[in-house]
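Novice: Line by line, the protein sequences give chains A and B. With numbering that gives the first Met the number 0 as the guide, the letters of the first sequence map in order to residues 0 to 329. With numbering that gives the first Met the number 0 as the guide, the letters of the second sequence map in order to residues 0 to 90.
Quick caveat, the hints were computed from the structure, so don't treat them as lab data. Bear in mind that the values here come from a model prediction, so they are computed numbers and not experimental data. Just so you know, not all the hints are guaranteed correct.
[To be verified] Computed from the model, here is a short list of chain A residues facing chain B with C-beta under 7 Å: (1) A67; (2) L107; (3) R117; (4) L129.
Think of the CB as a built atom: it goes at the ideal place given N, C-alpha and C, for glycine as much as any other residue.
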Amino acid sequence: MIALDATGGDHGPSVTVAAARTAVRDHGLRVALVGPGLDDPALGIPAGLDGLTTVPASSTVPMEAEAALGVRDAPYASVRVAARLVADGRAEALVSAGHTGATLAAALLDIRRLHGVRRPVLAATLPPALGGAVLVDAGAAPDTTPEALTASARMGAAYARVRGHAEPTLGLLNVGAERGKGSALVREAFEGLAAVPGFVGNVEPGDVLAGAVDVVVTDGFTGNIVLKTVEALARRLTSTVSAAAGADRDGPGAAVLLGVGGTVCVAHGAAREAEIVAALRTAAALGRDLPAALGRALDGAAAVDGAAAGDAAAAVDAAAGADARDRAHR
Amino acid sequence: MTTPDVLDLVVRHVQTVMALDELPGAPRELRFDEDLAADSLDLVELVEGVEGELRTAGHQVHLSDDALRGLTTVGEAVDAVEAALAKERAT
Chain A
0 MIALDATGGD HGPSVTVAAA RTAVRDHGLR VALVGPGLDD PALGIPAGLD GLTTVPASST
60 VPMEAEAALG VRDAPYASVR VAARLVADGR AEALVSAGHT GATLAAALLD IRRLHGVRRP
120 VLAATLPPAL GGAVLVDAGA APDTTPEALT ASARMGAAYA RVRGHAEPTL GLLNVGAERG
180 KGSALVREAF EGLAAVPGFV GNVEPGDVLA GAVDVVVTDG FTGNIVLKTV EALARRLTST
240 VSAAAGADRD GPGAAVLLGV GGTVCVAHGA AREAEIVAAL RTAAALGRDL PAALGRALDG
300 AAAVDGAAAG DAAAAVDAAA GADARDRAHR
Chain B
0 MTTPDVLDLV VRHVQTVMAL DELPGAPREL RFDEDLAADS LDLVELVEGV EGELRTAGHQ
60 VHLSDDALRG LTTVGEAVDA VEAALAKERA T
């Protein structure tokens, strides 16, 4: 069962109720709509629809609220009640189109972080026509550390594996491919990332859009700019290209929060029915597999990092050098 | 619950929230902002974690928003929780 924050997002129940109905009737999902006033007949929640339930909540967290304290002071807000359904094992995942900060806070307070995660990150999948990579962090943590980027990379790779990439490749988003490029943060992060299986080195934006790697690792500030740029680009392209780039209704439909003990999908605040349905389907597909995979990836990190760092760094250097030579010859 | 127990409790939750195996200095003196780079969300998670564990142990402790906003060091967090426990004992 997927817990859907019924009041989240710009359109609230007018969209989430329709999305839940479609997800249940057309895709066989089980959805629990969580929110206040769901017994109002005007909402059009079909009575007796097998697979669709409602769970009462007493309030919502306003989009403009100071996220952390606002969520603390609203223990019965729909997003928190929905998060506790996941924490209690009654739901496999949470979907919300509400304030990302509030959803993050609810996930941390009620579902709890995975051991060793400094701050959960958002994983967003770029449109297939624009590379199709998993971008992590897409905006949860604007400021980060080299160690957190390494954890982020491991979680991004685990997420990619759950989504079907047997041996995902990872790249560190940078201003150049050569080792030693970029800010102090990315230069230091490179050293730790070298021990992460599948890490191929630095990647530039053009590499990302060309689909050179399966997972792109960056800090949340940069990642959010990349995501919004790609989304704006997709909207402005010609109808043929934009249809291919942005209208993948079977795609993720939402970013996925990595680093808490349950699956949490964060949809756009402006999401319409189709995007919410896509998010519900993504949440159902990830279910309980994702947090288990993330936990294994993080637990296995310590054993791998120390022994493999040196050899892995040398391998990455060699690969980066070969790639740079390839580019020079094109 | 004695003061040393509260210190251990708060330290454990600081370590969890900040993903640290060990704290970088004398715990009570650590500043949330300057030494731990903790933000408001971290403080809320820390306090909620401490309150939750105390609740499981049978104590009803809830720090006000103003009290939470005023916490600048681990020591102040320990003192605030200890004060709340003392108030509970007195009622």
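Novice: Sort out which numbered hints this structure fails and list those numbers smallest first.
Specialist: Number 4 only.
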